[in-house]
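Chemist: Read off the chains here:
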Amino acid sequence: MAASLFRTSTRAALRSGASATPRAGFAGLTFARGKATLPDLSYDYGALEPAISGQIMELHHKAHHNTYVNNYNAAVEQLQEAQHKGDISAQIALKPAINFNGGGHLNHTLFWENLAPKSAGGGEPPSGALATAIDNTFGGLDKLQAQINTALAGIQGSGWAWLVKDKQTGQISVRTYANQDPVVGQFQPLLGIDAWEHAYYLQYQNRKAEYFKAIWDVVNWKAVEKRFS
Amino acid sequence: MSQFTLPPLPYAYDALEPVISKQIMEIHHQKHHQTYITNLNAALTAQSTALQSQDVPQLISLQQKIKFNGGGHINHSLFWKNLTPASSPQAKLESAPGIKAAIERKWGSYEAFQKVFSATLLGIQGSGWGWLVANKPKGELEIVTTKDQDPVTGDTPLFGIDMWEHAYYLQYLNNKASYVEGIWKIINWSTAEDRYQNGIEGPAVLKL
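As you go down the protein sequences, you meet chains U and Z in turn.
The letter at position 37 of the first sequence is residue 326 when you use this note's numbering, and the numbering goes up by one with no holes.
The letter at position 108 of the second sequence is residue 90 when you use this note's numbering, and the numbering goes up by one with no holes.
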């Protein structure tokens, strides 16, 4: 489960707090001195053009994602203090900040990994068991893409659309999540598309359907296959 | 049935510069606001059909669309009117003597109120709005937030600040604190006072 692994990683990282070297946890989450850190992208900011501009990628990663990381760390610090004091109401009051900022950190970390430049396989259709599951469930990749694009277009406000795997049944399905709510619990995240306006506005403005169409050129299905298996 | 149409702005697209750029105002009004109206009209037409055929599940399934797009239409219509060029007399707090007194009663000073309101705006997680509302005409003030396009209901909205990223991103990028800082210069206090004195039934009633 993503959330418990996330927490475990935090604790593990806290235990090894003396280490200054960032260490990898779930979904490429990295920690240094017990703090969550901004993960590096495995490609250049401009590498996803023309689907996503270099300017968007740079702001999205260095400014937006980094803010979630900083605010998550601040919230966790407050949480530890509240736990130390046994202050239950303070711990409960911190839940929205941890959900929002921890979710923002998780979602963006997964998102960067499930994108890739065309030169590194971005847009190349899935194969193997995932391809079979997509065919069986949706009737083909194009139908899945259409379903995700409809889900994205229907988000009222900020949020994400995910291809998820049901941990109980193994079935895959498309689900939307509001704001930075992460995919946790019954479902495992396979592929996420960010429908926040900051993800596309500088390039596409209100024409978000064009962004939803273009992003398939840089989806890294290999990463999705890895999560699926 | 009658259809809602896009209300014209009470000022030019570039009139709120430098706080809000002409480009933002054009896209925000002509594209975003228009889309809410288009989708509201479509949902209401579908509702009317569903009513005629007594299709209750369909009527219920349309409610969220009506809330979102109707809310988007209401919120933006209120927003345009509660902004004004910084150089206009309406942009001065003195145009709102009733609100000014109520603010000082509740928060001690305008500066203290502004600080609380700004922090509330910056604390919104996701898309939404921050509002100064009154519980009744000439009543007590409160700062509230509504998520996505939920409109203020029950209380009287005096003015609203759009915290959707589309409201500021082309100009301020991720620096939404600068947008919030700037918007205080273009609040139409005269409109806000009118809403405060008369409620939404008064002369400033929102004609959609």
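Bear in mind the hints are in silico, worked out from the structure with no lab data behind them.
Treat the hints with care, as some may be off.
Below, simulated DSS-like cross-link-like pairs (lysine-lysine); rule was C-alpha separation at most 25 Å, straight line [stated by the list, open to error]: (1) 74(Z) x 4(Z); (2) 74(Z) x 497(U); (3) 384(U) x 129(Z).
Partial chain U-side listing against chain Z, Cβ under 7 Å, derived [what the hints assert, rightly or not]: (4) 332; (5) 352; (6) 355; (7) 359; (8) 387; (9) 445; (10) 446; (11) 447; (12) 468; (13) 486; (14) 492; (15) 493; (16) 494.
Ranges between beta-carbon positions, derived for each pair [as the list claims (entries may be wrong)]: (17) 90(Z) x 366(U): 54 to 60 Å; (18) 48(Z) x 432(U): 25 to 31 Å; (19) 511(U) x 33(Z): 36 to 42 Å.
No residue lacks a Cβ here, since even glycine has one placed at the ideal position from N, Cα and C.
Chemist: Using the nearest Cβ pair, does residue 494(U) come within less than 7 Å of chain Z?
Modeler: holds, 6 Å
Chemist: Holds or violated: the hint that residue 493(U) contacts chain Z, with Cβ atoms closer than 7 Å.
Modeler: violated, 11 Å
Chemist: Taking 36 to 42 Å as the hint, is the beta-carbon distance of residue 511(U) and residue 33(Z) inside that range?
Modeler: Because 51 Å falls outside the window, the suggested range is violated.
Chemist: Are residue 352(U) and chain Z close enough, Cβ to Cβ, to be under 7 Å, as the hint says?
Modeler: holds, 4 Å
Chemist: If you check the beta carbons of residue 48(Z) and residue 432(U), does the distance land in 25 to 31 Å?
Modeler: For residue 432(U) against residue 48(Z), whose Cβ atoms are near 29 Å apart, the range 25 to 31 Å holds.
Chemist: Any CB of chain Z closer than 7 Å to the CB of residue 447(U)?
Modeler: holds, 4 Å
Chemist: Take the shortest C-beta to C-beta distance between residue 446(U) and chain Z; is it under 7 Å?
Modeler: holds, 3 Å
Chemist: Given a cut of 7 Å on the nearest C-beta pair, is the interface hint for residue 387(U) held or broken against chain Z?
Modeler: Because about 12 Å separates residue 387(U) from the closest Cβ in chain Z, which is outside the 7 Å limit, the hint is violated.
Chemist: Any CB of chain Z closer than 7 Å to the CB of residue 468(U)?
Modeler: holds, 3 Å
Chemist: Was the hint right that residue 492(U) lines chain Z, CB cutoff 7 Å?
Modeler: violated, 11 Å
Chemist: Measuring from beta carbon to beta carbon, are residue 90(Z) and residue 366(U) in 54 to 60 Å?
Modeler: violated, 31 Å
Chemist: Does the structure keep residue 74(Z) and residue 4(Z) at a Cα separation of 25 Å or less?
Modeler: holds, 22 Å
Checked against the numbered hints given earlier, the structure breaks hints 2, 4, 6, 7, 8, 14, 15, 17 and 19 and satisfies all the rest.
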